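S.K.: Next come the chains, spelled out residue by residue.
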Amino acid sequence: MIFTTSLQCVVESDRLAARWRCPHSVTRKSLYFRFRITLRKDSAAARRSWDAAETFRSGPPKSKKRKPSFRRLLKTSSVKIENKTKNRRFKQENADKKHRKEKKKLRSALKDSSIRTARPLEVYKKNPEEELEEDEDDDFLETLPTDMIEEEDLEQMKAMARKASFVTRDLSASEPVYSKKRKGGQSTESYEKLPRKMRKEEQKEVIHLLPIKDKSRLIPQSMEKPVIQKEEDENEEEDAEMELSEKDEDEEQEAVPLTAEERETLRAQKLTEKKLRIAMLGSAIISDPNNNVKKLKELRGMLVETDSYVAVTVRKLVMVSLMEVFKDIAPAYRIRPLTEEEKDAKVRRETQQLREFEEGLISQYKFYLENLEQTIKDWKQKKLKRSQAVALPAYRGLAEVAVRCVCELLVALPHFNFHNNIIVVLVPLMNDSSKKVSDMCCEAMKTLFKEDKLGYASLAAVKVLSGMIKGRHFNVRPEVLKTLMSLRIREVDLKRDTEDTAPKKRFLNNKEKRKSLSRMQRKWKKAEEKLEKELLEAEASENKDKKVKLHTETLNIVFLIYFRILKKAQKSVLLPAVLEGLAKFAHLINLEFFDDLLNVLQNLIRTGDLTTRESLHCIQTAFNILSGQGDVLNIDPLKFYTHLYKTLIGLHAGAPNDDIIIVLQCLDVMLTKRRKQVTLQRAMAFVKRLCTLCLHVLPNASIGIMAANRAVIHAFPKCDLLLDSESQGSGVFLPELDEPEYCNPQNTSLWELHTLMRHYQPVVRKFASHLSHGAPSEGSGALGVNLSRRSPGQLFEDYSFRDMTFNPPVGAPTTKKRDYFTIGPALLDQQLKKQVDKALSVAAAADDASLDFSQALTQTST
Amino acid sequence: MRPLTDEETKTMFEKLSKYVFNNARLFSDSIGENIKLLVDRPDGGYCFRLHNDRVYYMSEKILKLATNVARDKLVSVGTCFGKFTKTGKFRLHITALDFLAPYAKVWVKPGTEQSFLYGNHVLKSGLGRITENTAQYQGVVVYSMADVPLGFGVAAKTTQECRRMDPMAIVVFHQADVGEFIRNEDTLT
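Chains as they are written, first to last, in our numbering: chain G, 58 to 919; chain S, 114 to 302.
Everything labelled a hint here was simulated from the structure, so no lab data went into it. If you're wondering where the values come from, they're calculated on a predicted model, not measured in any experiment. Possibly wrong hints are sitting among the right ones.
Said to hold, decoys possible - Cut-off 20 Å, straight-line C-alpha distance, at most; resulting in silico cross-link-like pairs (EDC-like, lysine to aspartate or glutamate):
1) G/K775 to G/D725
2) G/K733 to S/D260
3) G/K696 to S/D185
4) G/K423 to G/E381
5) S/K196 to S/D185
6) S/K218 to G/D725
7) S/K270 to G/D652
The shape of chain G in the complex, shown without the other chains (with noise of 0.2 Å):
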């Protein structure tokens, strides 16, 4: 330790007089000032854009009529509230330029590990003389009556100011003290950066004092008071101890050129060092979040380990570990940064340090998230930079790590600060070359997209979606695509024109009222509203009506999605999933955009050139459309059912059979739905093409299709024609039109069910003799209620043999005929085997004799 201090020392005094009489002290000097310059540059527009970001979901200031008046309530005199307010201010200004010190300085940190322009990053407050804490010195003294006060007695003060200053400065902010000195911002090593353990000692309580008045300005006066030591909890290294074995494996992916026997152990020791260090920092923070934001910082400089030895290894366990950290120690709660009025008033201590606490958290939390994208972007962009720490070819892992940092982030604080700029980083990388990559981002949005109970998260992961996909020109992954499926949006709000009447009508309505109520009555209806807003406010439930206005706004961007892709880029690789899509959420479309989908949907089919499974979806979608609100529309489809009979017949036989499970939810939607829409020709051609396609398919299939094929015997239950054999009818059966109108099916009959009553798999046969007896629901040829009560679908998903498992299980051969049969020429009854075997030996024995007829006939003639 004091090795360690009096080597930084050193360090800091050669670096000091290095900055005065550097030989090489132009280069310095002009890299610094670009550094400067890009600096500023950067701040002013990271400023913009993150607090751009952050002003998205914080709404407006609470109003300041709800504010109670300390006046009112405390009667105090206005001179000592004034005093008080003045004293607030005075420590918050220098709380706050030790802050913005401190972020500059970590700026310029960053800058030095990655050569390239500063990340944006969060400003709380506005300020322009952000530059300018050299004059604080000068501040204060312009704030005292200089020419009132003796030389001496200002000596003291500026002293005196000069502690303040020190004591009065935010101590979650670790600054080392000498970082005044340093505000040249030579380029500093980056070990400097990091916060030392011999801070610890340095740490000291402030007490505050009353300050001293002084005609009309203030002296602020504090004691400083020596902290007791906290002991590390012994109780936490079990905790350490799970952590460091969860990263083990991280650890062993590292291998390092083994040259020598010691460097290896070398290694391992630094290792089980540095881990021990993570193990015990981890614990610390996850023990007592509150007081250890310093230890979070800590851990945090760890990110940018030089040690070329380990630094790679090093690196992704601290981003783990302060992945799992961040996720115990965020609030349920979203922070948002502190107004004027909010800093000004006063508050409790236990928040002020809450408030400090949240401060530090979140400058951390940003500062991780800002370090993952940059190691994303190292990697995207294969510079070698960060002084040569890690190899180039170790990039790939370390983004790769911390792309799970920000997907697990992603999914596990929804609700916190950043989570808008968590998802403009991921949106990109979805898309990414990498199917690694692209996996885990699109798995973490899905899982967003399902858990997301809100739907403000959804909301800007689609808005984001949106521009990427645009900005791609439509040349994106399928999968991304597909990860709108997951959404969960149940219900949105069709009618949005009657809610913009609504609230004009109510505002007429208190317009009226004014007429007609009395003073009183207004008076009360208004105290009355007051009570309804503020039982609103403590409404911990969110509003249904918010959520579904949310919802309304998010499935408006994927339609607008799915549309352009219609419409732009209609022979892309995305069609399918936009089908798919379509299809899922087609009840929720607005009916004006019916026609024009109907139409696009048609000439999609009409064109021919759709694989089967996108031209089924076609079909699911304009149906799921109609059956929603289109109902009253009054449209007879005959197109897609045209369609849809034409593509029943081309369905293949083999293992994949999942286009069976879309057909069956068509058939549903189609027939069993519309039964009032449908004629009976159509629905028997229907019946007809399907048992004759459930000869071919797999037995799983066939049992759904029967299944289907009996809801539409109920459905219709003239369709008995066609197991009535007698019956004859106009015209001839045409099989092989394509017309489920004009084939006429009242003509032919269902034989398939005869074959399929010999088929192996007993479901199939059961089903198909239960429906030549015309599909009874009760009576000897009624199914079993295991078997009625279930959907087509669910029997297709139940009796399929996907994992290589018969449903019902196939029994032991218990068939002695067919081995009889198999064996060869045998005979049943023992005894006249025997005697056949005799019979045929005795012939075999007289075979030339007795079968050389053509000789005894010779004979006989002769």
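Chain G is already provided as a structure; the job is to place chain S on it using the hints.
M.R.: Showing chain S alone in chain G's frame:
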């Protein structure tokens, strides 16, 4: 009685193709599938014959039998599809209804059925359902809600336009209905 000339065949099939599911665009390449089915039926050969400016559709067996009747004594044979007017146009008769397999259909509400059968147009208020993507002036077959064909006409508006019409606007122009079997009993042959 004679077979149709090329000119006559073309005129008649063009008219027919307005009603059947293979629409007129395909007609130039090949005759519509429905019309082809009318001629090449799986249950034997059928043919069109012209007699007294009327077109009759009959099986070849009937055709042979009909030769036994003198031309001036023959009133009707097979099914009358329609007649050629003096200006050379073809007009479909209601007797052809059974053989039309329409592309576009219109279902009328029960209240409007009678009105239509008396020879009136179909109004928007009486429209029960309509096939999607019906073009303007396309031939449509009118059905009752119980899927009984009632006659045929011409769509006055497209499907999309139908939705925005006021209830008293005409949707289908009347051409022929099954009421004619009684009203025009003597001229329908």
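S.K.: Quick one, are G/K696 and S/D185 close enough, alpha carbons at most 20 Å?
M.R.: violated (47 Å)
S.K.: Given the hinted pair S/K218 and G/D725, is their Cα-Cα distance within 20 Å?
M.R.: Roughly 23 Å between the alpha carbons, so the hint for S/K218 and G/D725 is violated.
S.K.: For G/K423 and G/E381, compute the direct alpha-carbon distance and say whether it is at most 20 Å.
M.R.: Given pair G/K423, G/E381 holds - Cα atoms ~15 Å apart, limit 20 Å.
S.K.: Quickly compare the C-alpha distance for S/K196 and S/D185 to 20 Å and report which way the hint goes.
M.R.: Holds - the C-alpha atoms of S/D185 and S/K196 are around 17 Å apart, at most 20 Å.
S.K.: Hey, G/K733 versus S/D260, does the alpha-carbon distance stay inside 20 Å?
M.R.: holds (11 Å)
S.K.: Is the hinted pair G/K775 and G/D725 satisfied, with a Cα-Cα distance of at most 20 Å?
M.R.: holds (18 Å)
S.K.: With the threshold set at 20 Å, check whether the alpha-carbon distance from S/K270 to G/D652 stays at or below it.
M.R.: holds (15 Å)
The structure is inconsistent with the numbered hints 3 and 6, although it conforms to all the rest.
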